Amino acid sequence: MSSSAVIFSLAGIGLCAIGLFGFMLHTHLIRKLLAFNIMGSGVFLLLVGMAQRSGHTDPVPQALVLTGIVVAVSATALALYLIRRWLQLSGSTELPEDDRR
Amino acid sequence: MMLNAPIPLLMITPLAAAVICMLLSERSRLLVSFAAVLIQLLASLSLLLLLLQQGPITHPLGSWEAPLGIALRADGLAVLFVLMTSVVAGIAALYAALYLTPGPLRAHFWPLFWFMWAALNGIWLAADIFNLYVGLELLSLAAVGLVAFSGSKEALVAAIRYLLAALLGSLAYLLGVALLYGAHGTLSLSDLSQQMQPGVASSIALAAMAMGLLLKSALFPLHTWLPPAHGGAMTPVSALLSALVIKASLYILLRLWIELRIHELAPDASQLLGWMGALAIAWGGWMALRQTLLKRVVAYSTVAQIGYIMLMFPLLRADNAEASTLALQGGVLMVLSHALAKAGMFLAAGNLILCTGRPELSALAGTSQYRPLSIFGFGLAGVSLMGLPPSGGFSAKWLLLQSALASAQWWWIPVMLLGGLLSAAYVFRVFHYSFKEAENSDTFHRPGVGLEICALALSAASILLGFIATWPLHLLTLPDILPLAVLPEGSLEQSLELLQTPTYETLHGTSEQQP
Amino acid sequence: MMNLLPLIVLMTSFLAAMVIFMLPEQEHRLRSLVNLGAAVLKIALILLLIQYVVAGFRPELRLEVLPGLSMILRADALAMLFAGLSSMLWLFTTLYAIGYLEGSPNRSRFFGFFSLCVASTMGISLAGNLFTFFIFYELLTLSTYPLIVHRGTPESLRAGRIYLAYTLSGGAVLLIGIVAIYALAGDIEFGDLQRVAEMAPDLHPLLHLVFALLILGLGVKAALVPLHGWLPIAMVAPAPVSALLHAVAVVKAGAFGIVRVVYDVYGIDYSWQQGLLTPLAIVASITILYGSLRALQQTDIKRRLAYSTVSQVSYIILGITLFGPLGTIGGLVHLLHQGLMKVTLFFCAGNYAETLGIHKINELDGVGTRMPLTSAAFTVGAFGMIGLPPVAGFISKWYLGTGALLAGMDWVVAVLVASSLLNAAYFLPLLYRIWFKPVPDSWPHEMITRYRDTAPLLLFPALATALLSIAAGLFAGLQISPVGWAELITLREYLP
Amino acid sequence: MNHSLLLIPLTPLLLILIWCLPRWRETACRLTPLAVLPALAIALSGAELHLELPWLLLGSDWLLNDIRRVFLCFTALLWGGCAIYAQGYMAGDVREKSFHLLWLLTLSGNLGLIISADVVSFYLFFALMTFAGYGLVIHTRSEEALRAGRVYLIMAVLGEALILAGLLLSAAQLLVPGSLLLEDFARANATSTYQPLIISCLFAGFGVKAGLPLLHMWLPLAHPVAPIPASAVLSGAMIKAGLLGWIFLLPAGMVSLPHWGISICVIGLLAAFAAALIGVQQHKSKTVLAYSSISQMGLLTTALGAAFIQPEIWTGLVPVLALFAMHHALTKGTLFLAVGITQYDSRLPLLVLATAICVPALSLVGLLSSGSHAKLSLKAMLYDDLLPGWLLPAITLSAVATSLLMLRYLWLLSQNLSAKSTHDLSPLPQSMLLSWLLTLLASLTAVYWMPQAIAPVYPSADPTAWLSMLWPVMAGLLLAEIARRHWRTLPIPPGDLIQPIEALLRQVPIFFSKFQRATAGLHEPVKEQRAGFADQLIIYLENQLENRSLIATYFSLLTLLLSLLLLGTYFV
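Here the protein sequences line up with chains A, B, C and D, keeping their order. My numbering numbers the first residue of the first sequence as 1 and each following residue consecutively. My numbering numbers the first residue of the second sequence as 102 and each following residue consecutively. My numbering numbers the first residue of the third sequence as 617 and each following residue consecutively. My numbering numbers the first residue of the fourth sequence as 1113 and each following residue consecutively.
It is worth saying that the hints were derived from the structure and are not from the lab. Since the structure is predicted, the reported quantities are computational estimates derived from the model, not experimental observations. Only true hints are included.
Pulled a few chain B residues facing chain A out of the computed Cβ check, cut under 7 angstroms:
(1) E238
(2) L242
(3) K254
(4) L257
(5) V258
(6) I261
(7) L264
(8) L268
(9) L272
(10) L275
(11) L276
(12) A279
We put the beta carbon where it would ideally sit given N, CA and C, even for glycine.
Next up, chain A with everything else stripped away, as it sits in the complex:
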């Protein structure tokens, strides 16, 4: 595995970890969403990085990442729509702590 692949992979894993932590710690919904996007970038980086092992560029990961980005964008869009609706309805950017008996 080439050194750039290692760098890509490590960066990807790092981004994933940061994203995960962000996802866990933030309660603001937009931040959560951003954390998710960071995680997503990390995974894409990993994919691209891992694909460089045989010297030449493997087209499959590229196609995957492309698809992945499309998926992530649409997910983000949906999330943003929902969060905006929530803001309109409740005036809050955080989820309520609903208690049960």
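Given the coordinates of chain A, assemble chains B, C and D onto it according to the supplied hints.
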């Protein structure tokens, strides 16, 4: 054309219907949807026929070969799930058409519904792990949309929670895909099963994929997003989510577990899944017992039922072919019967809520008197969920119990039985309320006959499954996805023979009665 | 056609149930017609089946529901014993229920589940293997629950809950047992005794454990002490339901299951050799005595009858633990006899409650003057329970006693005698109050004043079953009597 | 012809059917005396009848042979006489109609058991008689009657249970498997390994009816409180059912069982003497008669015991027992009926009345007709070297006891008669007088025209023998005179031992309530348990799981765990 190429039809029809539904007017939307449902049904049936005639089919979509093209594969298990989807989603569509009043809500429903169906078919038929990811993601987005579209505050919160959990799950899965591809350079499940290399990357990959999938299936303790989402959505949506959507991730997990032979190589991991399932049974059952809202009861029941399905994993043992076969049969049958029963139960619960006009359990007093049909539909589904005979749920439990005994993992037996009792407790709690004396006379609304019939049809199907279980189980042998190589001599052949040919006793018995 | 008969028999009440569910609440006449028509048809079909069985046929229908696992409906001699009882009592109980529920709400639901309950009982009797048996066994639980909670009062809902807790737990244990025996021996059909008998000796302890599990599971419905707690509580149900529960359906299902396990799964020889029967006999004896003692303490008529059931049903179980044809005859015949007598008693208790509002024993004073025919029927039932000839109970007791001695279990005679004494102790005071106490100034809550005794539909079934219990005893020597039938079964059991 | 046996128990039952029709009820009551006619006719016709009814019960077998004919004859006679008596005695009674119903039921049982040759019919009729008899005992519903009824019923049920146990035990070792014939049972009892148990059960079980010591308590309670015709049949006819049971089922005459024999003899003599001693302390003439019955049955018991010691005498003894039973039944019946006669203004000359009352008493002590025949025959049968020497003297001595009882009875009656002046009393109904005289006549003459079975045993009219009967009576008279002057009656209540026993039994409910308290909690509903600790914990955890986005944390941890598991087992 249709009979020859059911696989592309299964993919294209829902996608096309989704797009067309977005464009068309109210009335034509319904027509298109019904036509598409019909096509889906016919296509899945013809796929079944094709499978029975030709055996498993592989189909490269648009003639593009893998890895860049998308290969679809229809083996027995996949076709079984395709059929299940057609039946459940078809009836749910009918129910939705009757249930949803014309208006913007209905406008949102149909495209999302069709995207969901497309995603489901994509997952059932996918032959590689990345297509599975795409399917999963599409499914999640459609499902989140379905939860949210009623527009209420609660639904919105539930949808956001659901979305966040689903995204986390998807990413974990994608991470696994990346790691696996990095390690093996292939995405195809069949290639992976042959080339699987040990290593840290593979382990983490599989763990991340599995957990991501379990998060989407809402296995305890990752279940908390489910009750508000399933309990808060509109009735036909709840039915679809509980019956089909969560099964998609379980299906992928099962595929991974068997095709990558994790069940043989890492029994400890299987045990972990089993114990999480056991906890889910207990937890979900208990929480269902403590709910005051009818649909929440049903939603928590889903949490518990997923636990049952998970019990299949520790029972898939390399060292015991008989137990493994039984476990696979039991698990798949559990998925099928849960799909039918839970959809039926949600629809029946929706009918009951229509009757009383209130979502609380306590509002049910008197319903068994004035709306016996709705209660009856609920009860039939309940029979299957409780695992009482005769029902698909019972047959599944029977197989799992047999498997537990055959593999000497007796500790799952009390788990299953106590879980059954817990589910009886929460199902009968609903009856309990419905049998209460009502002070007033018939003040209930009357849900349409069509709605009642939809609920009853699904519930009755889950009962009927108990009688015809050999038939879906027969499909599991096309091909037998548990590899034959590891079996001790003859045992599976025997059980295969049992599937197809009358046993000695049958012949003996029939000849004996002629004195 | 012959092989389809068991299914048709099953379907008569099942379809009746479905039709009744569909009928609107106010279609009382049509519903009664469907109900009675189905009941009469079923009796006719059963008689036809009995003809076949006597002629040596064994009509059978099977359906493979899981790989290597079949649902079998089969009419053998033992099945016909139970099926005959339930079909006959279904007719009477339906008649009674029509009279009993006159003018009360929810009749559609009631009669629907009532028929479903009978359908399950039919299934239990016709089941050809444990798997099929279990299916209908659990179906019975489900179909009786709505009957128990029928009134919708807090007490009946509580009774329903307790009933479910007991029976579903019992069902779960039974399921373990059945799964285990299937794991050990495969799809073992009733009467296929080779599989267990030829099992390797090292598996015997396991088989014993499974036997215990099966009995434990079935013992809940058979109300073996200490698993009987649901029975007295379930007394809040309407009288026809209690009658059905006690005489035909639930407790009998448990007892019948034990009969099947001992005779047709393990085989009486094997069970005897392995010493499985003596513990069961001890449990049954304890139940007999305990049930009677508890019955003595009750002040409510139906509760006293309930504990009496606890005690009496164990006669059946006691009978089958006695190795030898006489004990078998005694146990099997008591299945029928107890049904007839107990159903009579419950009909009468219901009549007292419905006509005069009598629920407690001390309210029975002088009721014999007001309701002579009902009271006569009650007396017949009570004498039968005590075991006085010519009522059928004596015949059972006779066979049980002689069977016990034949099996070398002489202590059973002491149990029987003690139980007779206790039965006398808790039934004779009732009879004394009914017949010999002066008529009080007013009844607790007189509801039916039009008739000298009580409404004909309530009276007729009670009288009919009372006469049948006498006839079963008086004409025990006839081939068609319950004893004659039990002898036929026993002949086939001991001389296969 | 054999089927005419059916008429014997069925005639009363047919009358009951008529009784059940409200319009015919009165007629049925008037027809009760006719219920015994078929039985009487068949008994006197002299043919040996045998009827097998395989369809009835477990296969019934009815038989009328010589011995049974004697029993049937006197039973029918007595019941018939008493039924006529009841027509007058019960007239105007509020419960007259139900009395007749129970009368007919009891009668059917009593007649049926005599002709039953199989155990099930025998048990059936025995039970029928016993339980229907309860209604006769408590007829008046007075406090005493109810108490007597209670004791009667408890003892009767105990007796039935013992009999059932005995029968079952005998059935276990039949020499003819599956047979239900009484004689096969008796034969089995001769060899059965359960023999001691069987003999105990049957002896005690039938002993309840026959008034064995300690099982006799119901007798002195029940006989006096029942209406007089009922007392008469209870004491005269029904009490003999116990004897019949013994004759039919005990292995007497088949094996020599000296220990049993001695015990039974002792028990019998105890009854004969103790009953007399207690009886003379009583203040009611009917109670005295009841004790006399116990005493007389004690003699029969002693004879039975003798047959256990010396089986040879059995063949000869059975007719004697029958003769004695007949004698006692008719005589005691007459004595009971006489009690009723004295309660009315009979308009008979006192001398006639007194003679008519005294004659049966003399017969009972053995000085007259059937009495002397019976006693002499009995003694004749017990002249046997193998029997213990004290047996005969004891039996002779028992006549003293009997005389004392009869004197006490006569004395009490005379007190009765003198206490009330004639004009207080209502006139004696014709039917009562007629039936009394008829019964008296029967008791005096029956021995001469009874079925021939018992004829050969009559001893020749030997004056010495008669003398041997006379001296105990004289001794009795002497004793009575002494006692009259110097003896105050002891306050022994009727039923003697029943009082301490009742006191003891009253403690039982205390045990019961303790038992009840102990077990009540066992199956009573458990209180609803809401919000238990586990429940709260689960709810708390569920909230924790849902809130604060912890789901991602669990997710990560679980992923880590699963990776480790995979690493640990899969790849290393």
